[in-house]
Amino acid sequence: MYSRAVGDMLDQLTHGRYRSRPHRVRRPTMGSSPRYSFPLFFDFAWTAEMKRLSLEHLPPLSDEEKQLVELRWADTTFRDVKGQWSQYLARKV
Numbered sequence: 010m011y012s013r014a015v016g017d018m019l020d021q022l023t024h025g026r027y028r029s030r031p032h033r034v035r036r037p038t039m040g041s042s043p044r045y046s047f048p049l050f051f052d053f054a055w056t057a058e059m060k061r062l063s064l065e066h067l068p069p070l071s072d073e074e075k076q077l078v079e080l081r082w083a084d085t086t087f088r089d090v091k092g093q094w095s096q097y098l099a100r101k102v
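My numbering runs 9 ahead of the 1-based position in the sequence shown.
It is worth saying that the hints were derived from the structure and are not from the lab. All figures in this text were calculated on a predicted structure; none of them were measured in a lab. Keep in mind that a hint or two might mislead.
Here are the simulated lysine to aspartate or glutamate pairs, EDC-like style, with alpha carbons at most 16 angstroms apart [what the hints assert, rightly or not]: (1) 101 with 89; (2) 91 with 17; (3) 75 with 89; (4) 75 with 20; (5) 60 with 20; (6) 91 with 20; (7) 60 with 89; (8) 101 with 84; (9) 101 with 17; (10) 101 with 52; (11) 60 with 17.
Let the hints inform the model, and build the full structure from the sequences given.
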């Protein structure tokens, strides 16, 4: 089985088309087969400009989808994608 997780920045860059998922790890139950995990973390270049991707070739999000995107980010400080990657990281910590 393979699993993938799309990060928060990709969620923001794609206007919510690629949703980030909460990450959770479960302890294996007694007698179950071992679980192996090989995480890969990708970071943008320190000076990369963060801006939303132009997705004009795709159909627009429905009003319901837009509302779900807004709700997903309503309780966070991560609202807009602008500036350099280093600035985003500085705000995050």
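Hint by hint, here is what the structure shows:
At roughly 13 angstroms between alpha-carbon atoms, residue 101 and residue 89 fall within 16 angstroms of each other, so this suggested pair holds. Distance restraint check for residue 91 and residue 17: the Cα-Cα separation of roughly 14 angstroms lies within the 16 angstroms cut-off, and the hinted pair is therefore satisfied. In summary, the hint linking residue 75 to residue 89 is supported, as the alpha carbons are separated by about 15 angstroms, within the 16 angstroms threshold. Annotation: proposed proximity of residue 75 to residue 20 holds, straight-line Cα distance about 12 angstroms (limit 16 angstroms).
With a C-alpha separation of about 12 angstroms, the suggested pair residue 60 and residue 20 falls inside the 16 angstroms cut-off, and the hint holds. A distance of roughly 14 angstroms separates the Cα atoms of residue 91 and residue 20; the hinted pair therefore holds under the 16 angstroms criterion. Under the criterion of a C-alpha separation no larger than 16 angstroms, the hint pairing residue 60 with residue 89 is consistent with the structure, at around 9 angstroms. At most 16 angstroms may separate the alpha-carbon atoms for a hinted pair to count; residue 101 and residue 84 meet this at roughly 14 angstroms.
About 12 angstroms separates the Cα atoms of residue 101 and residue 17, which keeps this hinted pair within 16 angstroms; it holds. For the hint pairing residue 101 with residue 52, the CA-to-CA distance comes to about 14 angstroms; that is within 16 angstroms, so the pair holds. Of the pairs offered as hints, the one joining residue 60 and residue 17 holds, with about 13 angstroms between alpha carbons and a cut-off of 16 angstroms not exceeded.
This entry satisfies every hint, going by the numbered hints stated previously.
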